[in-house]
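Number of protein chains: 2
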Amino acid sequence: MADFTNIKVDVLRKFTEDIFIKLGVPEEDAKITVDVLLAANRRGINSHGVARLKRYVGYIKDNKMTPKTELSIIKETPVSILASANNGIGQVAGYKTMNMVINKAKENGLCFATVKESNHYGIAGYYSMMALKYDLLGISLTNSAPLVLPTFGKQAILGTNPLSIAAPTKNERPFVLDMATSTVPRGKLEVYNRMGKQIPDAWATDEKGNPSTDAAKILDNMLNRKGGGLLPLGGAMEEMGSHKGYGLSAMVDILSGVLSGGAFGSIIYSNKQAAGVCHFFGAINPDIFTSKDEFKENMDKFIGIMRDSEKAEGRDKIYIAGEKEFSKEDEQEETVSISNKVVENLKEIGNDVGIEVKF
Amino acid sequence: MADFTNIKVDVLRKFTEDIFIKLGVPEEDAKITVDVLLAANRRGINSHGVARLKRYVGYIKDNKMTPKTELSIIKETPVSILASANNGIGQVAGYKTMNMVINKAKENGLCFATVKESNHYGIAGYYSMMALKYDLLGISLTNSAPLVLPTFGKQAILGTNPLSIAAPTKNERPFVLDMATSTVPRGKLEVYNRMGKQIPDAWATDEKGNPSTDAAKILDNMLNRKGGGLLPLGGAMEEMGSHKGYGLSAMVDILSGVLSGGAFGSIIYSNKQAAGVCHFFGAINPDIFTSKDEFKENMDKFIGIMRDSEKAEGRDKIYIAGEKEFSKEDEQEETVSISNKVVENLKEIGNDVGIEVKF
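Going down the list, the sequences are from chains G and Z.
Residue 339 in numbering that gives the first Met the number 0 sits at position 340 of the first sequence, with consecutive numbering throughout.
Residue 137 in numbering that gives the first Met the number 0 sits at position 138 of the second sequence, with consecutive numbering throughout.
Which copy is meant is left open, because identical chains are indistinguishable; a pair holds if it fits in one copy or across any two.
Only pairs whose alpha carbons sit at most 27 Å apart, straight line, appear in this in silico DSS-like list of lysine-lysine:
id, residue 1, residue 2
1, K74, K105
2, K225, K300
3, K63, K300
4, K207, K300
5, K225, K196
6, K310, K323
7, K291, K74
8, K63, K271
9, K30, K340
10, K187, K7
11, K74, K169
12, K271, K300
13, K53, K187
14, K207, K316
15, K310, K207
16, K323, K7
17, K74, K300
18, K30, K53
19, K323, K207
20, K63, K13
21, K323, K187
22, K316, K216
Derived by calculation from the structure, the hints in this document are not laboratory data.
Owing to the predicted nature of the structure, the values given are computational and were not obtained by experimental measurement.
Could you put together the complete structure from these sequences and hints?
Now the structure itself:
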């Protein structure tokens, strides 16, 4: 593990917040944004953690993302919100919108929101999990940069469009599904590429749209827009359910992009001045259906059924959605493991804006 | 195609309705149930069409399903409904609940419902598509008989738990995603078995939980509860996204079974007197976010992006969710193609209850 450095969460938090503040991000917004990024690192989803800082700083410097997020409510009912992030920070827009969604759901049973003109918001699960402390079900979806092919296509016109749902429990850890609708995210190809390993052929295609195991070539094709891209969950073949992953990705885009009246499909990031990312959030109070208590007890029972069911040969554990991430989060409460390449990037960013740090 | 018989839809409709009526199902309910079954046949999803009649008749005769569906509303708000089907027919419960959901969504912007103590409701897409004629987004989920393994498991404790979302369009056919969260339904194994063909190893496992290509053995294991079962979308390996399909299946069960306070996981069908199937329905009026007109125009644009994107080598068409089913539905407007085995079953059922038919 010489490729990684262990860094105190507090130190990393302060450093990252200071960078955002230097770039004109209000302190409260900097805290929100960094909390979402560090939640990803702590949960072991490093692709969505401080590794993103370089890109975010670039967007702010190039005036593609405004440091002050002016979230405006365009329409609202007792159970819905349409907001625009006005090209501000995705995390700030997401956090503030999800808080409003939670308040309306507490009051009126449920609430759903769409947000347009936003940016990358980090891990989808951060927002769905915000609902948990109020014993609500939380939902969070977002569209994203076009990297994924439709079934039988060779042009990346859909995002990895993740979806997350979080359900409260009584004694168990909450159920937190947080998944990209592609088989894997691009970061996974980068990991295999660094290891010089072939990738499974359900992950991505070459420039002609044929499944390929050559990560280096695929990444180069994607970077230079030569064709090909990531495959939807299910891979390339209908026989394996490719059309289902493709359909799920489209569903996330419809609920985020089309429903908000914002950007969708290949339109996202096509405007050099604004990413146009859109989100969808929801919260449901179990009291309008069963009750909170019964819901949480039955969630424990449901989790027990899955966990205690018989294991396949050679397996000794069945995981529950979110379980691995919660273990990692516990493990990385005080210190997170960050790749040295990212550490170098962070130091460079610090130098650039005049903030020194010792990791 | 000597294995199939072409039957006039009208004849099949009348015959099937008459059977339900003979069994004590009220005429209106018989019409609803048959309409859902025939929609499946017309759309080419024969596993969910009149082939189910034999089982439905069996449930009614064994007093496991009541012919008169007394749908009761347990709780209700302006945007939500909790109902019990009181062990009636799933199609009747689904149709009536979705109509109430649509009315509340027209009035209050959106509405969600859960239904417990129900039965198999046919194709999920029937109910989501009911929202389309009002220019609403429709959502329909259901849990189902435990046939699917969790990732790393060998015991079938989850249903194929389908999810459907339907989105209205302007000039295009609507977007209708209607998918099981397993890689394939059991019916697909039966088809391969009849053809004597090996199945792909992402579909199901043997009794030890190892991926298998032997459909006959797997079907026998499933029937006799020897272990093994269908794999979630993504197959057996996390590398291929198995945990995502498993998570989606669990998500559907949480929203249907746990949220309604009904049965879930391996509890479904475990009570010999009642299946305990649960559904989840939703409708969203685009006017509370963007507008109906803008939504429908942008859906056309989104569909255009997907359809017109570059094709993979050897492919000449990119499909939109629901497109193949709509084509089939058009093709089978007057006549549906039914397997001879099902035709024989239908005739037997007819004989049993004293209804003669000539197909």
